[in-house]
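Protein chains in written order, with the working numbering: chain A, 124 to 381; chain B, 124 to 381; chain C, 3 to 314; chain D, 3 to 314.
Just so you know, the hints here were simulated from the structure itself, not pulled from any lab data. Misleading hints may appear alongside valid ones.
[Claimed, not checked] The calculated DSBU-like cross-link candidates involving lysine-lysine, where the alpha carbons are at most 30 angstroms apart (straight line), are:
1. C/155 with B/258
2. D/179 with B/200
3. C/155 with B/261
4. B/345 with D/105
5. D/105 with C/285
6. D/179 with B/345
7. B/330 with C/303
Single-letter residue listing:
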Amino acid sequence: MATANIEVSETPLVLYALRRADDALILGHRLSEWCGHAPAMEEDMALANMGLDLLGQARELYTYAAKVEGRGNDEDKFAYLRDVRQYRNLLLLEQPNGDFARTMVRQFFYAAFADLYWRAMMASSDATLAAIAAKSEKESAYHVRHSSEWIVRLGDGTEESHRRAQGAIDDLWAYTGEMFAVDDSERGLIDAGIAIDPAALQPRWLKTITGIISEATLSLPKSDWMQQGGRSGSHSEHLGHLLSELQSMQRTFPGATW
Amino acid sequence: MATANIEVSETPLVLYALRRADDALILGHRLSEWCGHAPAMEEDMALANMGLDLLGQARELYTYAAKVEGRGNDEDKFAYLRDVRQYRNLLLLEQPNGDFARTMVRQFFYAAFADLYWRAMMASSDATLAAIAAKSEKESAYHVRHSSEWIVRLGDGTEESHRRAQGAIDDLWAYTGEMFAVDDSERGLIDAGIAIDPAALQPRWLKTITGIISEATLSLPKSDWMQQGGRSGSHSEHLGHLLSELQSMQRTFPGATW
Amino acid sequence: VARASQFQARIDADERIEPNDWMPAAYRKTLTRQISQHAHSEIVGMLPEGNWITRAPSLRRKAALLAKVQDECGHGLYLYAAAETLGTSREELVDAMLSGKAKYSSIFNYPTLTWADIGTIGWLVDGAAIMNQIPLCRCSYGPYARAMIRVCKEESFHQRQGFEIMVTLCRGTAEQKAMAQNALDRWWWPVLMMFGPPDQASQHSDTSTKWKIKRFSNDELRQKFIDATVPQAEFLGLTIPDPGMKQNANGNWEHSPIDWDEFKQVLAGNGPCNRDRLAARRKAHEEGAWVREAAMAYAEKRKSRQLAQAAE
Amino acid sequence: VARASQFQARIDADERIEPNDWMPAAYRKTLTRQISQHAHSEIVGMLPEGNWITRAPSLRRKAALLAKVQDECGHGLYLYAAAETLGTSREELVDAMLSGKAKYSSIFNYPTLTWADIGTIGWLVDGAAIMNQIPLCRCSYGPYARAMIRVCKEESFHQRQGFEIMVTLCRGTAEQKAMAQNALDRWWWPVLMMFGPPDQASQHSDTSTKWKIKRFSNDELRQKFIDATVPQAEFLGLTIPDPGMKQNANGNWEHSPIDWDEFKQVLAGNGPCNRDRLAARRKAHEEGAWVREAAMAYAEKRKSRQLAQAAE
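Excised from the complex, chain A in its bound form (with noise of 0.2 angstroms):
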């Protein structure tokens, strides 16, 4: 009986490294799917930019989890060749688009944390993660500028824009805390140095954003329940079509080279 998704070594390292490139992967793609649909020109061009740019991380994270795993593997088999359950990204980025504003919270929300994640992880004692992190920081750092500057404009705009705006981020809260969880995998490597600890990021985090949500006259919900599960493969019901159309190719074709 042949199989189509391949096996993996998820050690802590391995882990790692898979899981930020999903992450970078995932909201990649869902960026992706604006092009040539945005709301202006100039936006296509930025959505793209910022998709680029985390499909260069993707590449780059996979690429790094290949050589450490040592079994053959490569960014596309891990792109394409595993399936819902195996992928470890945040719930966050799997979130569908939605409108304009749901797709700038999102981006938001990420790149506020991924912007100092990347700074810490920038004094890593990997080598490689400290590369890309240096890389990805000044990356994330345009995302960052370019989302909160939306932020403000949707929020402090119409009365449609805000109330959209509002919407998003009430949608879309509750998937944030997973950003700063920790499991035992991480945690090793947190104390060997290699990661960094990205509950010690959350208050400057939170000053972010709660700073342009302030500006935006939006405001961030009450609530602190947090759903979880991305990072062990628990997904939404999201991802598994959007890599029914990601994977469509290689599933279709298996072995062939493109």
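Dock chains B, C and D against the given chain A, drawing on the hints supplied.
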């Protein structure tokens, strides 16, 4: 190099059955996309009913194609392991659901044809096709009734529903010509009394259509330009996306039994 | 007061209460709430399974799943009709659900991640629903009891179908069996919560029991369900994700403590899919508004044309 | 009249015309039409290729395709900017496209069915575009000429990428090679039509040539393209779907007659994707309206706040 697409010996009779099977599967699949999202619960029921009828027709026709072909293919291999260029359905039926008006216009155009077509096919010299025709005709008669009632309601309902129904007619009209086209492969079956000539049905079809459309205070486009290609595998961009979803499980887990 | 004791006497004599019979306001209210929640559950319950119709792995499964989800819609329709006999319109009931005021079963706030979830929902969720619903076939309120008879018949068909999907997966490849186990792992505890809070914490049971709406306690039904399910899991070769579960002297399987905090969170709106489910139903309702308006406008036009014709 | 002949003298002397220079109204109109059509083509051209971004078969191809479609958007932006120097706003130009009044290249009214179409578009559609555009780098109107220099540089990169996709397919499995051949079969004739009607039937060429907007005739460019493409197809091992094509004494490849009826149909709106393309662009525009309004409202609020602050 593994390949996941089956090869099909498209003799005239196999091709004939596959074309009708693909019609039924693709339209049935489109209708099933509504399930849980229809404008009223009664329509959830009705759309699922019609979808089930069509899935049933598809299964019988695929099974017959498999039997005639005699190469070990079966209904699931035909449905799940042919690529977009191997599909043989009418372009009309792969068009996206759009709003309810568009779904109903698509249904009406096709059902009004299918009803006449299957009624005539009951006289086929091929006993299996004649039996499938008898069953399908009964089902199509209900599809015509249901969809034509909606065309009248939407056309003669509110200004908005009229505008949407007219828009759907204008957009889908160019796909209706393909229902009446015959190629050499099918001509041989017609001459042999196995298939009937759809062109002979066009006047009656047009009479049904114009009757309902005018009762609905709607109008048919003037244009007589017609789009073709589905019967020979030249599809619109929509079919590939539909198939990536329809086939995702069989493609991801090749060879498994479900 | 005389009417109230007469009413209770009829209940005690196992008579059926019918729509035009006198009934206490609280009975009416309780039943309206329960039947409509049940109807909402059928309708919202279309979504998690509907999520796999377009991806079902064979044509036979695709047709069966579409038919099943259609049946759920049908159940919703009978149940709304039963609730309407108590004097509240379907429109009002649906609006209460869409606005978030009325509840539906929390089990539908969990996502369907893989095809094995479709099997598991049929096997366990429908199985649990049947346990809850069979006693309702003898409920004191006639229209509800009759609706439940029809619903239960179809549900047990669905339950068998779901179990058969699980059998196929468990006899399949290692990947398929792992998929089945993973689905059981995710659904087991939420399914146990479907029977409601433990008896000592349940709010509505006392009066419901007196009125013969409820005939067994939550814990009794939960126990029955577990005892029925354990051998099925064994048959499938799957492990129930409760390492502390053990059979007691009476032959009943005792489960470990249930995480009622999760139950309360999901009930309060904090389940994995609460927002998605309501958003999907609201979207269908809002995007369908113009269709429903068109149908009404047409019906009115037609009526006034007919009147005009009759007057000629 | 003196200005007109002075203008023509500048053109004849190969001087560049700049936005603030005097120019005949017809020159302005012709260029506005041509540049904006070109811009519309870049923007609508994002759609057929964009259709495969989410399904590109490797991450490298996915990134390259997204970058390519983004470049097309960038080309659209420079070209609108060049057209705006002639006095019509981008908004007006875009509205004319969305309303169906202004045209875009008909080649984008054909669908992308398989991944091989992405290779073929790069190889042939971009290849044909470059043939058309290289002479425009020397066009008499400065802003257009400068935009074209930048566009052509990127287009030839895209063309090489497309050809490389074809090479990979043609060296791949039998299925991949068949996919490549099928794509060539579907795109060949539409690509030849990209050069426009045959010279004896062309409307705009005379004045365009006089004004040094157009430097080669449609048929000349088409011939150049075919002669360049035939050896590439041979290299790939693909068959150009024109059994009547033959090399003449000058070494040029003579093609069979082109079906200009199809060309006219597609131009008149009856191509396979005309409705889809316009609908997609209109949807993006309409659904983006609230975003653009929000940005404007915010900019105004900000301005008035700054003014208020300055006044304090």
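Each hint tested on the structure:
For the hint linking residue 155 of chain C to residue 258 of chain B, the alpha-carbon distance of about 27 angstroms falls within 30 angstroms, and the restraint holds. For the hint pairing residue 179 of chain D with residue 200 of chain B, the CA-to-CA distance comes to about 23 angstroms; that is within 30 angstroms, so the pair holds. In summary, the hint linking residue 155 of chain C to residue 261 of chain B is supported, as the alpha carbons are separated by about 28 angstroms, within the 30 angstroms threshold. With a C-alpha separation of about 22 angstroms, the suggested pair residue 345 of chain B and residue 105 of chain D falls inside the 30 angstroms cut-off, and the hint holds.
Only pairs whose Cα atoms come within 30 angstroms are accepted, and residue 105 of chain D paired with residue 285 of chain C is rejected, the gap being roughly 36 angstroms. Taking the CA atoms of residue 179 of chain D and residue 345 of chain B, the gap is near 42 angstroms; set against the 30 angstroms cutoff, the hint is violated. For the hint pairing residue 330 of chain B with residue 303 of chain C, the CA-to-CA distance comes to about 25 angstroms; that is within 30 angstroms, so the pair holds.
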